[in-house]
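The hints should help you fit chain B onto chain A, whose structure is shown.
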Amino acid sequence: MKNLVVKLGAAAIAATVMATGAWAASAYPKNKPREQDWSFAGPFGMYDQAQLQRGLKIYAENCSACHALSRVNFRNLADLGYSDEQIKAFAANYEVEDGPDDFGDMFFRPATAADAFPSPFPNKEAARAANGGAYPPDLSLIAKARAPIRGFPAFVIDPFRNYAENGPDYIYSLLTGYKDEVPEDVSVPEGLWYNPYFASGTALAMAPPLFEGMHEFDDGTEATVSNMAKDVAAFLMWTAEPHMDERKQLGFRVMVFLLIFAALLYLSKKQVWARVEH
Amino acid sequence: MSKLEHHGTYTPTSGVGKWIDARMPLPRLMYDSFVAYPVPRNLNYAYTFGGILSIFLVIQIVTGIVLAMHYVPDATKAFDSVEHIMRDVNSGWLMRYMHQNGAHFFFLAVYLHIFRGLYYGSYKAPRELLWILGCIIYLLMMATAFMGYVLPWGQMSFWGATVITGFFTAFPVIGVPIQELLLGGFAVGDPTLNRFFSLHYLLPFMIAGVVILHVWALHVTGQTNPTGIEVKSKTDTVPFTPYATIKDAFALILFLALYAYFVFYMPNFLGHADNYIPADPMVTPAHIVPEWYFLPFYAILRAITFDIGPITAKLGGVIAMFSAVLVLFVVPWLDTSKVRSAVYRPWYKLAFWLFVINSVFLGWLGSQPAEGVYVALAQLSTAIYFGFFLIVMPVLGLVEKPRRLPNSITEAVLERSAKTGGGSPQLGDATASADKS
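So the protein lines, in turn, are chains A and B.
FYI, in this note's numbering the residues of the first sequence are 1 to 278.
FYI, in this note's numbering the residues of the second sequence are 279 to 715.
Heads up, a few of these hints could be off.
Straight-line alpha carbon distances no greater than 30 Å define the calculated DSBU-like cross-link-like pairs of lysine-lysine that follow [claimed, not checked]:
hint : chain 1 : residue 1 : chain 2 : residue 2
1    : B       : 512       : A       : 269
2    : B       : 510       : A       : 270
3    : B       : 355       : A       : 88
If you're looking for bench data, these hints aren't it; they were derived computationally from the structure.
Computed from a predicted structure; not experimentally measured.
So here's chain A without its partners, still in its complex pose (with noise of 0.2 Å):
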C-alpha cells in the first residue's frame, strides 16, 4: 500500500512538476452544463422547500439505492419544512446499526432525527462490487465538488452576474443528457452509457436513473425528467450547502452596512482633507 502510494506519488510528480509537463488538457465534459433558472440563484435567491422536497421523494426512493448521503442527518430534514413529528416518522423508516449492547453485540435500530441518512453500502469496495466496479459517489457534497471550470472569458463574467450555480447547472445536465445516438467518433465501453455531460469522460457506470411518470408529487407537479432533475438537483445542492439562505440574508445586512459606512467615511474623508491641497 505505502509502495503504491509513494509510487502514484512520484508518478503525480512526473506528469505535474517536470517541466516537460503531460498535463493532458481535459477535454471533459464534452458539453457545458446548460444553465438552468434556480429559486437559489442570485444574491436574493432562497431554496423553495417545495422544490426541496420533492427532491428529497426522488433521492429517498431512487438514488439511496446506490448513493449514500452521510454528510445529511434527519433532523436536518427541518430546513425543508418537516415538523419534528415528520422527521421522526420518516426516520423511522431506515434502519442503523447501533452498539455494541451489553453483550458486546452490535444490532440494527430504527433511525431518530439525530441519525445520518444511512449508506446503501457497508465500504467503498462493497460499492463497486454490487455496482461492476464502479463506486457511486456520497452525494452530500457534489453539487459544490463537480462544479466544471468555466474557463475564458466565463470565470471573469461571473462575479458581475452573480453565477455560482454551476454544481446544480452540472447535475441537472447529466440527468437528462443521456443520449441513445453515439457519435462516430466515441467508442461507449461494454456496460457504461453515453453521456456527453459527464465531467471525467464520455460515458459512465449510471444507467439513466429518471424515467417519465416515475414518481407523483403531491403538489401536482409532473414528473418529467426535466423537473425531476432539476428538484434532486436542488436538493443536492442544498444537501452541499444547507446554510446558504441564512448566508445571502446575513450577507445583504453586511453589505448595506459596509456601504452606508463606506459613503460616512467618505464623506468624513472629504470634510477632514478639504483643508489641505494634497
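Only chain B this time, still in chain A's reference frame:
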C-alpha cells in the same frame, strides 16, 4: 524625515497617563506612531494597502483560531471536521468562508501593495530593509497559504501537497531528505497533515512579528509618496490622524465590501471544486492547479523544458520558480535610477505596466496545460519577467532621461492643484492592477 521630528509631541494629561508614561511609555509610542506620525500629504489610494493588509492578518488569525477549535488534524477526520464546521458549528460556515476567501484577498492586497512599491520606487535607499522585510512577509505568506490549503484534506489539498513537496526532490543529494522531512514520511500522509497544521498555526505569528519590524522600519524612514521626493519641510506632511486614518478607513471598508461580496455570494468562486472531494491517494485529479496567487510561479516552473548543462529541466524549473520570488529581494540594487517614482520616468512607467500585464498573462498560462503553444508562450513570458528585473531595471536607470522633478512635495501638490483649479481630490497616479487570473 528624521525620527526627532515626530518625537515627543505626546503630553499625558491624566495622572494615570503621566504615571504610565514615566514607567513604560507605550501610549507615547502609539501616539507618535499612529496619531502624530507625519505622512506625506500627497499619498493616493495605492498607499492604503498596508493598512488593509494588517487588518487582513488580524481577520485570518481570529477566524483561524476559531476554526482550530473545531478542526481535527487527522488524515481520517480532517475532511469530516471541516464539513462539521460548515454544517453544525454555529456560524462555522461564516468563519470557514471568511478564512478561505480571506487568504485570496490577503494575496490580492499584497500584490497591489508590491506593485505599488515597484511603481513608486519605494524600495530605494534608505528603504532597502523595509522592502526586504516586506519580501520576507510575502514568503511567509506563501508558505502559510500553501500549508493552510492542505488542511481541509480534499483532493487538491492532497495532490497539491504531493506536487509542491515534490519540487524539493529536484535538488541533488539534499532534495529527497528535505522532502521526507517536510512530509514526515515517504508520501503525503498523517504526519504531513499534523506538521502542516502546526506550522500553519505558527507562521502567522511570525508574520505578525515581521510586520512589526516592517512598520518600525517604515516609521524610521517615513513613507515614500507618488513624487518620490523625500519630505523636506513640515508643509510636506500631514499628521497620520486624522488624515491618513480616515483615508485608510474608507479604502479598507471598500475593500471589505468586495471581500464580503465573495464571502456571502460567491464563496467557492476562487476555490477548486475538487477540494470538496475527500483526499484519495489512489485517484489523481485530472488537473492539479494551484490557487490563482501561485499561478505565475507555476507557469515559470513549467516553462523550463530544457536541460542546461548538468541542470535538468526539472531542477531548472524549480530554480527559476524560486528565483522569481528571490529576485524581489535584490530589487533595491537592481534599480540604478536616481529618480524614485515612475511618475517622472516615462520609459520605466511603460516597462512597469508591461510587467504587470505580463504577470497576469503568466498567471493565465499557469492555469493552462503545459503543452503546445503554451510552453513557448510561458518561456517568452518568463523571459520578460526576469528581463524586467535583470535588464530593464539596471539599464533603464542609466540611460533614461527622467522628467523634471519638482523641488518638494508641496510644490508638486500646488503645481497640480493650480492646473486643475485647486482643491479637487486627486485621482491617484496609478493603482497597480491585481495579479489575478
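Legend entry - Pair hint outcome, residue 355 of chain B versus residue 88 of chain A [Cα-Cα no greater than 30 Å]: holds, 28 Å
Inset, instruction - Compare the distance between the alpha carbons of residue 510 of chain B and residue 270 of chain A with 30 Å, and conclude whether the hinted pair is satisfied. - result: Cα-Cα ~26 Å, so holds.
Legend entry - Agreement of residue 512 of chain B and residue 269 of chain A with the hint, judged by alpha carbon distance not exceeding 30 Å: Given that 30 Å is the threshold and the Cα spacing comes to 21 Å, the pair holds.
The structure shown violates none of the earlier numbered hints.
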